[in-house]
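Colleague: As a plain string of letters, each chain reads:
2 protein chains.
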Amino acid sequence: MRYAVLGTGVVGRTIAARLTSLGHEVALGTRTPEATLGRAEPDAYGNPPVAQWLEEHDQVQLLAFAEAAAFGDAVVNTTAGAASLQALEAAGRDNLAGKTLIDIANPLDFSQGMPPSLNPVDTDSLGEQIQRSFPEARVVKTLNTMNARIMVEPSRVAGTHNVFLSGDDGDAKKAVTDLLVSFGWPVHDIIDLGDITTARGTEMLLPIWLRLWGTLGHADFNFHIQGARATS
Amino acid sequence: MRYAVLGTGVVGRTIAARLTSLGHEVALGTRTPEATLGRAEPDAYGNPPVAQWLEEHDQVQLLAFAEAAAFGDAVVNTTAGAASLQALEAAGRDNLAGKTLIDIANPLDFSQGMPPSLNPVDTDSLGEQIQRSFPEARVVKTLNTMNARIMVEPSRVAGTHNVFLSGDDGDAKKAVTDLLVSFGWPVHDIIDLGDITTARGTEMLLPIWLRLWGTLGHADFNFHIQGARATS
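Sequence order for the protein chains is Y and H.
Heads up: the first sequence at position 109 corresponds to 109 in my numbering, and the numbers run straight through without jumps.
Heads up: the second sequence at position 84 corresponds to 84 in my numbering, and the numbers run straight through without jumps.
Any given hint could turn out to be false.
[Claimed, not checked] Now the stretches of chain Y that chain H is said to cover, found in silico as 3 or more residues with beta-carbon under 8 Å:
no., segment
1, 112 to 123
2, 151 to 163
3, 186 to 199
Honestly, the hints are just simulated from the structure, not real lab data.
For clarity, every value in this text was computed on a predicted model and none was experimentally measured.
Built from N, CA and C at the ideal position, the CB exists for glycine as well.
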């Protein structure tokens, strides 16, 4: 299958690499490929320049948002939450219509300093904003509650832990479930919370996730709902 | 030890009964004991009237908020979040000064219908509001992320799961840790998140908790941070 992965940060690269390893064709989407390729320095998080990453992952092509979205049978949003609606606008609603749109972004707001706050929060969510803005896309919020490496390799964390799904389209959630299983998620550890409004709950896990990251000193942890299954 | 448990709902009753069973002296605090005792009908959640519950738990005395708080060496807030600051004001700042104040309340706002929203949220929390309003109390936010029965009997949920602590006073958190251990919590399953601002993170677990309650159809589940310990 063909995937468009919008966003060239660590989440986008991790998802793109995993999709490629599973035999999918992947276009990585960015605002202006020339500008992205022109960056010679590591990004703010110390990740190597995209150009270097692309040399090491030569099956992945870098395209502008609209070209990438047109290429993909499904689209994955890994852009920064504050920029997601703009990025999807650039991707083009016609290029999203009818497609599964996997939203991994979190609406972190760093404008007031650290720790970041959320915007929107509580009575709305980024997942809902995206679904409202692109009603013909089939938005599924998932994977936004953990470190990128765990998303594509859940066995990094020993023991049972969970990934959540939120979305209005049952077929799209089924397709995303199959994708998660191909990533290594046991199907009974995938919890379908319900419609896209349940994305509020998963996005609001970010504050405790960030505190736990600080307290534990590492990111190799994940949420596990103990008691969700009869056996653990 | 003497405990004041403010609030006569299911959380207050459950905590009060457990404290009594552990040999503590307990005063249950309410706004107007006469009015509380005068209620003859079950409450909105189907719980029996307080008068009936007190007959079955005759070691617990019902007192006005201020008398209860004066009685307690430590105070437990189980009032509805929207009423907590008022209840603590009625309890009296002199009666709270220097004492450990265990805050189990969540700032659920039902004014916009279901599901409830949170107020405050994101950049503030009820735990912080209480600490700011009563600076001489030693506020520890804990137990607010699970059903009342699990709070006092963690083995109801099979397998490892966690309870969180947030607070600025290390001695108070140590005292609450000891109390949680006496409730049955393994000490290594108690996660100290840090200062009282981390209460934002635990209060913001409520939206996903409420969705999981609906999805799972029962409340005998709890959050487990998989990867928080080397072994699970």
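Colleague: If a hint holds in the structure, say so; if it does not, say that too.
Modeller: Comparing the hints with the structure gives:
Evaluation of the coverage hint for the segment 112 to 123 of chain Y: fulfilled, as 6 residues show C-beta separations to chain H shorter than 8 Å, against a requirement of three. Under the rule that three or more residues need a Cβ within less than 8 Å of chain H, the assignment of the segment 151 to 163 of chain Y holds, with 5 such residues. Coverage of the segment 186 to 199 of chain Y by chain H holds. Counting CB-CB distances below 8 Å, 5 residues qualify, and the rule asks for three or more.
Of the hints listed earlier, there is not a single one the structure fails to meet.
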